Structures are given as structure tokens and as C-alpha cells.
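Trainee: So you can see what is in the structure, the chains are spelled out below.
Protein chains: 2
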Amino acid sequence: MNRQFLSELDQIKSQILTMGGCVEQALDHAIQALIHRQSHGFQSVHEIEKKINTDHKLVDEACLNFLAKQGPKAKDLRLIMSVIKINTDLERMGDQCVNIAYTGRDYFSRTALGELRDLELMSILVRKMVKDSLDAFVREDEKLAREILLMDDEVDRLKGKVFKDFTAHIQKSPQDAESALDVILIARNLERLGDHATNIAEDVIFVASGKDVRHGGDQQ
Amino acid sequence: MNRQFLSELDQIKSQILTMGGCVEQALDHAIQALIHRQSHGFQSVHEIEKKINTDHKLVDEACLNFLAKQGPKAKDLRLIMSVIKINTDLERMGDQCVNIAYTGRDYFSRTALGELRDLELMSILVRKMVKDSLDAFVREDEKLAREILLMDDEVDRLKGKVFKDFTAHIQKSPQDAESALDVILIARNLERLGDHATNIAEDVIFVASGKDVRHGGDQQ
Numbered sequence: 016m017n018r019q020f021l022s023e024l025d026q027i028k029s030q031i032l033t034m035g036g037c038v039e040q041a042l043d044h045a046i047q048a049l050i051h052r053q054s055h056g057f058q059s060v061h062e063i064e065k066k067i068n069t070d071h072k073l074v075d076e077a078c079l080n081f082l083a084k085q086g087p088k089a090k091d092l093r094l095i096m097s098v099i100k101i102n103t104d105l106e107r108m109g110d111q112c113v114n115i116a117y118t119g120r121d122y123f124s125r126t127a128l129g130e131l132r133d134l135e136l137m138s139i140l141v142r143k144m145v146k147d148s149l150d151a152f153v154r155e156d157e158k159l160a161r162e163i164l165l166m167d168d169e170v171d172r173l174k175g176k177v178f179k180d181f182t183a184h185i186q187k188s189p190q191d192a193e194s195a196l197d198v199i200l201i202a203r204n205l206e207r208l209g210d211h212a213t214n215i216a217e218d219v220i221f222v223a224s225g226k227d228v229r230h231g232g233d234q235q
Numbered sequence: 016m017n018r019q020f021l022s023e024l025d026q027i028k029s030q031i032l033t034m035g036g037c038v039e040q041a042l043d044h045a046i047q048a049l050i051h052r053q054s055h056g057f058q059s060v061h062e063i064e065k066k067i068n069t070d071h072k073l074v075d076e077a078c079l080n081f082l083a084k085q086g087p088k089a090k091d092l093r094l095i096m097s098v099i100k101i102n103t104d105l106e107r108m109g110d111q112c113v114n115i116a117y118t119g120r121d122y123f124s125r126t127a128l129g130e131l132r133d134l135e136l137m138s139i140l141v142r143k144m145v146k147d148s149l150d151a152f153v154r155e156d157e158k159l160a161r162e163i164l165l166m167d168d169e170v171d172r173l174k175g176k177v178f179k180d181f182t183a184h185i186q187k188s189p190q191d192a193e194s195a196l197d198v199i200l201i202a203r204n205l206e207r208l209g210d211h212a213t214n215i216a217e218d219v220i221f222v223a224s225g226k227d228v229r230h231g232g233d234q235q
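Chains as they are written, first to last, in this note's numbering: chain C, 16 to 235; chain L, 16 to 235.
Mixed in with the good hints there might be a few duds.
In this list, chains with the same sequence are indistinguishable; a pair is considered to hold if it fits within one copy or across any two.
[Said to hold, decoys possible] Keeping only pairs whose Cα atoms sit at most 30 Å apart, straight-line, the calculated BS3-like set for lysine-lysine is: (1) 65 / 226; (2) 176 / 143; (3) 176 / 65; (4) 28 / 226; (5) 158 / 100; (6) 143 / 179; (7) 146 / 72; (8) 28 / 146; (9) 158 / 65; (10) 179 / 65; (11) 226 / 176; (12) 72 / 226; (13) 66 / 226; (14) 28 / 84; (15) 90 / 146; (16) 66 / 84; (17) 90 / 72; (18) 226 / 187; (19) 72 / 100; (20) 146 / 66; (21) 179 / 100; (22) 90 / 179.
Everything labelled a hint here was simulated from the structure, so no lab data went into it.
Just so we're clear, the structure is a prediction, and the values are computed from it rather than from any experiment.
Chain C extracted, bound-state conformation (with noise of 0.2 Å):
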């Protein structure tokens, strides 16, 4: 293994890194554009989008180099496929809080329906897996990569009860139907959120120890 081999997997894991970065800030000015109702906030969650996908794009391309001229093996060739899944994870992420900058931009044109604790929680879990997720990653901890797969339940249940709650708001004030939807899509974009971050840390559980947990594959 050459200087020239480590030097560029280092740059690999590095522009996923920076590109995990992108989602966080992109997640932290949606959430907070959200709670502190900021309309602006939103324009940044644009603008760093495009960043997370230029950067999309030069990571595969770093990958398919990679494979190309060091013809990785074990672990570093584990490390290269699960960072180009996790690649695309990032960019779906990015899509995510996109999304949740549209509909908390409709949101902010109709009647607010105060307080949005649940979704308040549900964002700061999510916030937490992304972080983990990236940690675990550069870390290739799985002990922590597991815990996240164990915040996602929480995620779900959350996600569950804002469904069943603003779907019953909507039938005591249809008025407000435009306004509770905005907060179930919303709640669905967190999901998703959680759900990518999950992905990743299934990736670092297979990177570092060779396993495949998905789809309950666990052998622990």
C-alpha cells in the first residue's frame, strides 16, 4: 500500500466528511428557520444544496478513480463501496431538508398551530443520528453506529404520533387542514432523514467489521 493509495482514500473519506458537514448545516437551518419561524433560513438550505450536490457528483467520480487505478482490497474496497452508497445517502438527505425549506416556507403563508414540540424532538434525534452517523464513519465505531440504529425507533414513533394527532386536528378544524398537512410532510422529511442516517450506520457497521446488518441480518 502506497503513500499515493492512503493519501487518496484520506481525500475520499475527507470530502465525505465535508459533504456530511453540508447536511448538517443544511439540516440545522431548516429545523431552526422552523422553530424561530425565519423565512430567510430557508434560502441557505437552497444554496447549500447545491454545494452537497456538486460535491455528489466529485465523490463518485473520486470513487470510480480510486477503483480504478488502486484496485482496493478487504477493508479499504468495503470502505469505497459503502462510501458510495453513503454518497448517495448525503445527497437524499440534502433533497430532504429542500424539502422541508418548501413546506415550511407554505407553512409560514397560513395559520401557525403553535407549538410544534413533537416535531421539535423529532428534529433534534435526527440532528443527533446525522451527527453520530458522520462520527461513526470517520471513527469506524460501531458501537456507535448501533445506538443509531436504535434512535430511529423513536424517530418512527414520533413521526407516528404526529400523523395520528395533526390528522385528528384536521378533523376538529378543517380550516387548518393546509397548515396540519404541512406538518405531517414535514414530519415524513425527518423520517426519511433518520432513515438515511440509519443507512450510514449500517455501511460503518460493515465496513469495520464485515457484516451486513440490514434487513435484520444481525449476528451480534
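Since the structure of chain C is provided, determine the placement of chain L on it from the hints.
Mentor: Quick look at chain L alone, frame taken from chain C:
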């Protein structure tokens, strides 16, 4: 390029087509069950999805082994990278079919909302996009892949219409809120299926031409 190389590559392509066939079947069952109000069709969706999940892991394993042993270059390497991504898309398409099955079952337990004409139109389009994306993959047909990208715009338009119409319906008839929300969620699932077919089409263009047309990067 030896016979072993070609045989393994064919095997991987054939695994993707089998998986794609399962996705088509799952989608058919979900849509037919929904339109003809036959909830037993939803059960088949769950059974097919289990097979998709098993294949998902097998395809990734086959790609990893192929990369490690055969060290493909140029177009063959682009094909394997695309297969890794298409594999993920197909698995997520299975998830979307399962989501339709769950929501469809809920929908049947509530007040029916009459003909779901736009949802049916969406499903016809999405069904064609999925079939065409797999045909384009097997034939490396860039032209067909480009047609899929255009169909996606119509799917998005119809989803917007379903969202608008059924939100208005909720405001007029709040007692139908749950059923109408089910329809909205199924429209979202169909839209996502269209997005995944679009991803596959973009990958086909990349394999065939080396051009990365994602994020508006089309140089044609």
C-alpha cells in the same frame, strides 16, 4: 477479459433484472389491490419484498467479490458502480411498494372516496417508468433512459394535483381526513417510485455514455 469475467458480469446483470422483475410484480400487486379494492393483493407485496431484500444483499456481495477478483476498468467499472446504486434504488422501491400496501390497507378500513383517477394515472406512468428503466438497463439504451426523465415531470405534476385536490376535499369534508391523507401519502410513494426509476435511468446514461447527467449536468 476472460470467460469467467464475462460470466460473472452477466450473472450480476441477471440478478438486477430478477430483482427489477420482483419490484414490477410488487408494484402491480399494490396498484391492482388498491384500484380493485382487493386487500389480499397487499399480502403478496410483503412476500415479494422479502425476496427483494435478500437479493439486495446478494447483489452487493456479488459486486464486492467482482471488484476484488476481477478489477474491472472503464465501462465495466461504470457498470458495477451503477449496479451498486441501482441495487439500492430497487430495494427502496420495494419499501415504497410496502408503504403503499400498508396505507392501502388502512384506506380500505375507512370511507372510500370514489374513483382515484389521478392516482391510477400516476401508477400507470410509474409502472411504465419502472419497466422502461429496466429495459434501458439491459439494452444500455440511452434514448429510452432519457424518455424516462421526461415522464417523471408528469408524475410530479399529478402528485401536485392529488395533493391540492385532496387537501381541498379535507377542508370541505373533514370527516374524510384520514382517507384523503392516505391518498396523499400513496401519491407521495408513487412519486418516490418515479424518482427511483429516474435514478436508474441516469445510471444507464452514465454506463452507456460516461456522461453524468445528474443535477442538471446534461451536456447533450
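Trainee: Determine for every hint whether it applies to the structure shown.
Mentor: Cross-check of the supplied hints:
no. : hint      : result
1   : 65 / 226  : between (34 Å within a copy, 19 Å between copies)
2   : 176 / 143 : within (20 Å within a copy, 35 Å between copies)
3   : 176 / 65  : between (33 Å within a copy, 27 Å between copies)
4   : 28 / 226  : both (20 Å within a copy, 24 Å between copies)
5   : 158 / 100 : both (20 Å within a copy, 26 Å between copies)
6   : 143 / 179 : within (24 Å within a copy, 34 Å between copies)
7   : 146 / 72  : both (22 Å within a copy, 26 Å between copies)
8   : 28 / 146  : within (15 Å within a copy, 36 Å between copies)
9   : 158 / 65  : between (33 Å within a copy, 27 Å between copies)
10  : 179 / 65  : between (34 Å within a copy, 28 Å between copies)
11  : 226 / 176 : neither (33 Å within a copy, 44 Å between copies)
12  : 72 / 226  : both (28 Å within a copy, 11 Å between copies)
13  : 66 / 226  : between (33 Å within a copy, 20 Å between copies)
14  : 28 / 84   : both (17 Å within a copy, 24 Å between copies)
15  : 90 / 146  : within (23 Å within a copy, 36 Å between copies)
16  : 66 / 84   : within (27 Å within a copy, 35 Å between copies)
17  : 90 / 72   : both (23 Å within a copy, 17 Å between copies)
18  : 226 / 187 : neither (49 Å within a copy, 53 Å between copies)
19  : 72 / 100  : both (13 Å within a copy, 13 Å between copies)
20  : 146 / 66  : within (19 Å within a copy, 33 Å between copies)
21  : 179 / 100 : neither (33 Å within a copy, 34 Å between copies)
22  : 90 / 179  : neither (44 Å within a copy, 49 Å between copies)
The structure does not agree with the numbered hints 11, 18, 21, 22 stated previously, though it agrees with the rest.
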